[in-house]
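Take the given structure of chain G and dock chain C to it, following the hints.
2 protein chains.
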Amino acid sequence: MRETQLILARKGIMTSEMKAVADYENMSVQTLAEKIAEGKVVIPANKNKVLKRAVGIGEGLTVKVNTNIGTSSDYINLEEEVKKLEVAIKVGTDAVMDLSTGGNLEEIRKTLLKRSPIPFGTVPIYQAAIEMVHKKGGIVHMTVDHIFSVIERQAQEGVDFMTVHCGVTLQSLERLKRQGRLTNIVSRGGAFLTTWMLYHGKENPLYDHYDRLLEIAQKYDITLSLGDGLRPGSLADATDRAQIQELVLLGELAQRAWEAGVQVMIEGPGHVPLDQVEANVLLEKKLCKGAPFYVLGPLVTDIASGYDHIAAAIGGAIAAWAGADFLCYVTPAEHLRLPTVEDVREGVIGAKIAAHVADLARGDKKAWEKDKKMAEARGRLDWKTQIESSIDPEKARYYRETSTPKISDVCTMCGKYCAIKLVKEYLAHKTPPHQP
Amino acid sequence: MRETQLILARKGIMTSEMKAVADYENMSVQTLAEKIAEGKVVIPANKNKVLKRAVGIGEGLTVKVNTNIGTSSDYINLEEEVKKLEVAIKVGTDAVMDLSTGGNLEEIRKTLLKRSPIPFGTVPIYQAAIEMVHKKGGIVHMTVDHIFSVIERQAQEGVDFMTVHCGVTLQSLERLKRQGRLTNIVSRGGAFLTTWMLYHGKENPLYDHYDRLLEIAQKYDITLSLGDGLRPGSLADATDRAQIQELVLLGELAQRAWEAGVQVMIEGPGHVPLDQVEANVLLEKKLCKGAPFYVLGPLVTDIASGYDHIAAAIGGAIAAWAGADFLCYVTPAEHLRLPTVEDVREGVIGAKIAAHVADLARGDKKAWEKDKKMAEARGRLDWKTQIESSIDPEKARYYRETSTPKISDVCTMCGKYCAIKLVKEYLAHKTPPHQP
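Order-wise, the sequence lines are chains G and C. Just so you know, we're using this note's numbering here: the first sequence kicks off at 1 and counts up by one. Just so you know, we're using this note's numbering here: the second sequence kicks off at 1001 and counts up by one.
Extracted from the complex, chain G is given alone in its bound form (with noise of 0.2 Å):
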């Protein structure tokens, strides 16, 4: 079996992922092993498979986009989490992370995972806690060789990237405390560490055994995402010292990944007000010496309840622009209810607009390409090219089609007043031969 990513770019051996990131990239392969090697892009693939789309995510890569999908112990239809898949991937997310919670754990993500053509990702805790919950009654049954055995199964089984939240320490959370918060822990496996760490009395065995995480994260070159567990899930506990504190712990164990040949990305917050975007950005590549950052959001208001995907896109795209790397999809569902199929696929396109947006603003040749074919097609009334190059032709297309121009050429927006068309035919004819 190969070495990790990072250990084959640091002694300069070019694997097909890097060389299929860097075709896409438009960037030189040794650049961009270079920045693998140095920790900044990580290109998440599990050993024990080969992926049909190998993707990068970091320092000078287009901004990604993941899709959250999975059931809840309140909803379960492996059926229709297929369909979240297909439709996600189908609008184009680069990854995937399965937030399963609910019914047969192992055959919803072995099923998903066999039909993922993208990086696939998981949060193992939840399993750990879960299974602990069906056979011992609780989440504070879990123990240390469950927790890992979890960890490996998925591991084994071709999972390419887990989120692992080894900040939620005794010192972090005595920091949350201290402080006070308005919404407290929001994250899921934060709060299912937090309620095993102050019922034992003990530190986070995630943290507390960070060298046998390491371990299998070499072995199966997963990476590994440090969680957020403390993010703030409000605008008001938004970059607060619990939350910072979190920060630099993951800071360090991005180091101690490194030394280890381990692959790794920082997730970060959550709900931020606009203003505090950049600063979390830059905190981010500061305390985490240029780790790839792994953006849920942020929001940048917390009553955009059934609206959070504008209020995610509007984040996502100054965090991007900012630096951040990889966007966590949000859907109009977020904070009221799993999300249905529909609901994924409007929140995909929201963090692809976002992702797209702070490409344009970076300069990205390929998207500017996208914006001024569209442009061009504007510009001479084609509307095939037009809804071709929008950013999901089928809505683009329903528009249209559901209203009907009396002029091909136009649309019922302006009909015969459309600016393009009056513009066009005076500068044509020099004197104007259509006089609506």
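Just so you know, these hints were derived from the structure itself, not from any lab. This structure is a prediction, so every number in the text was calculated from the model and none was measured. Mixed in with the good hints, there may be bad ones.
Listed below are the simulated BS3-like cross-link pairs for lysine-lysine, each with C-alpha atoms no more than 27 Å apart in a straight line [said to hold, decoys possible]:
| id | chain 1 | residue 1 | chain 2 | residue 2 |
| --- | --- | --- | --- | --- |
| 1 | C | K1040 | C | K1019 |
| 2 | G | K416 | C | K1040 |
| 3 | G | K421 | C | K1416 |
| 4 | G | K202 | C | K1421 |
| 5 | C | K1202 | G | K424 |
| 6 | G | K83 | C | K1416 |
| 7 | C | K1110 | G | K135 |
| 8 | G | K424 | C | K1177 |
| 9 | C | K1416 | C | K1373 |
| 10 | G | K136 | C | K1416 |
| 11 | C | K1136 | G | K416 |
| 12 | C | K1424 | G | K202 |
| 13 | G | K177 | C | K1110 |
| 14 | G | K110 | C | K1372 |
| 15 | G | K406 | C | K1136 |
| 16 | G | K135 | C | K1135 |
| 17 | G | K416 | C | K1110 |
| 18 | G | K421 | C | K1202 |
| 19 | C | K1177 | G | K372 |
| 20 | C | K1136 | G | K424 |
| 21 | C | K1177 | G | K421 |
| 22 | C | K1177 | G | K373 |
| 23 | C | K1421 | C | K1406 |
| 24 | C | K1395 | G | K177 |
| 25 | C | K1395 | G | K395 |
What follows is chain C alone, placed relative to chain G:
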């Protein structure tokens, strides 16, 4: 009849409109009057009527949202336009513009104007152009007298603010031609005037006879919204010489408006990459000496057809945070069709989110109270307050009601593994009472 709010503010006379606005904004009426006197704040309110809700726009005030409604030559349904007005008001628009270009324009405008409790705007050149199309067969048959007669008619009826594309001059058009563009002119008003100017080889009547415009505006206290007829219609055209040449002219015209005691605001783009949004706001504030800035979006990508309300929410949030004062909504139907009632609803909410997010970033107390109320309700698992605190309680309620959790105080996203519930119960009892 009273004088304009600007003239009255200069004299230190506090109007009922100023008092209402100051009260809403938590600002002393003296401070507000100073800002109006300096031209940094406008209160669009026609002398011929009393607004149910006076609205202030400009520096130091909360960010406001405008909704464009109106028929097109391809789709005329007054009943539906009334519904659009109603839904826009229901979800919190601060102003509305009737951009009708199809059907009986007078009847449509009068009907909508009568039902609008908030500032009501128009683009009079539409009616001027379209009347000539119907009477004489072409836009080019507009005469100066006819244009001003339409403006005066609309002013008499009670229109509060008017978009006038005074900056589309022979000089700025020449700059545009010399430079070249991907999407020449995308403003309807700009295109009407351009067609007329190039056909006759004459200067823009709204520029040439600007004093006549100021006279009417002063007489009725119409707030002039100096339109950006040369706004970029694509990212590639943003912040180009044509756009900035027009903005320079608008700055001069704003100064002349103030000298005539006329309230004025400046319209801005359009299609602008994320990294140019802040500079665009700064330029407007400098070139136009602090006149309120009214932006359309801006759209931070060209390819979001079907989701342009999201692209506009991103651009609008950043623009408003940087100092833009008034956000014109963009609907998901933009670039594709005349918006439906549902499109209008989605568009207004998108713009409201952008405005609110900027208010938060600017530290507005009322905005923060809203988010804190929501965060506290989340912390308490108080669903009734969560729904009521949402930006659109109707939609939030729908989402929640379509997916019922097994335990009533959580949602189906996390079910019994709700992080807030787990931690809350643990912290309350010190030993986990609820062991999922």
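Hint by hint, here is what the structure shows:
Distance hint between K1040(C) and K1019(C) is fulfilled; the C-alpha atoms sit about 17 Å from each other, no more than 27 Å. With a CA separation close to 38 Å, the supplied pair K416(G) and K1040(C) exceeds the 27 Å bound. Distance hint between K421(G) and K1416(C) is unfulfilled; the C-alpha atoms sit about 58 Å from each other, more than 27 Å. About 21 Å separates the Cα atoms of K202(G) and K1421(C), which keeps this hinted pair within 27 Å; it holds.
A C-alpha spacing of about 19 Å is found between K1202(C) and K424(G), which places the hinted pair at or below 27 Å, so the restraint holds. Restraint check for K83(G) and K1416(C): satisfied, since their Cα atoms lie roughly 24 Å apart, inside the 27 Å limit. The hinted pair formed by K1110(C) and K135(G) fails the criterion: a straight-line CA distance of about 71 Å is larger than 27 Å. With a C-alpha separation of about 12 Å, the suggested pair K424(G) and K1177(C) falls inside the 27 Å cut-off, and the hint holds.
Taking the CA atoms of K1416(C) and K1373(C), the gap is about 24 Å. The hint holds against a cut of 27 Å. With a C-alpha separation of about 16 Å, the suggested pair K136(G) and K1416(C) falls inside the 27 Å cut-off, and the hint holds. Our distance criterion of 27 Å between C-alpha atoms is met by K1136(C) and K416(G), whose separation comes to about 16 Å. Under the criterion of a C-alpha separation no larger than 27 Å, the hint pairing K1424(C) with K202(G) is consistent with the structure, at around 19 Å.
Distance restraint check for K177(G) and K1110(C): the Cα-Cα separation of roughly 60 Å exceeds the 27 Å cut-off, and the hinted pair is therefore not satisfied. The hinted pair formed by K110(G) and K1372(C) fails the criterion: a straight-line CA distance of about 41 Å is larger than 27 Å. Between the alpha carbons of K406(G) and K1136(C) the distance comes to roughly 21 Å, so the proposed pair stays at or under 27 Å and holds. For the hint linking K135(G) to K1135(C), the alpha-carbon distance of about 83 Å lies beyond 27 Å, and the restraint is violated.
In summary, the hint linking K416(G) to K1110(C) is supported, as the alpha carbons are separated by about 24 Å, within the 27 Å threshold. Taken as a hint, the K421(G) and K1202(C) pair is honoured in the structure, with Cα atoms around 21 Å apart against an allowance of 27 Å. Annotation: proposed proximity of K1177(C) to K372(G) holds, straight-line Cα distance about 19 Å (limit 27 Å). Pair hint K1136(C) plus K424(G) holds up; C-alpha atoms about 22 Å apart against a cutoff of 27 Å.
Proposed proximity of K1177(C) and K421(G) is supported: the alpha carbons are some 17 Å apart, at most 27 Å. About 21 Å separates the Cα atoms of K1177(C) and K373(G), which keeps this hinted pair within 27 Å; it holds. Distance restraint check for K1421(C) and K1406(C): the Cα-Cα separation of roughly 14 Å lies within the 27 Å cut-off, and the hinted pair is therefore satisfied. With a CA separation close to 35 Å, the supplied pair K1395(C) and K177(G) exceeds the 27 Å bound.
Proposed proximity of K1395(C) and K395(G) is supported: the alpha carbons are some 21 Å apart, at most 27 Å.
Consistency note: the structure conflicts with the earlier hints numbered 2, 3, 7, 13, 14, 16 and 24.
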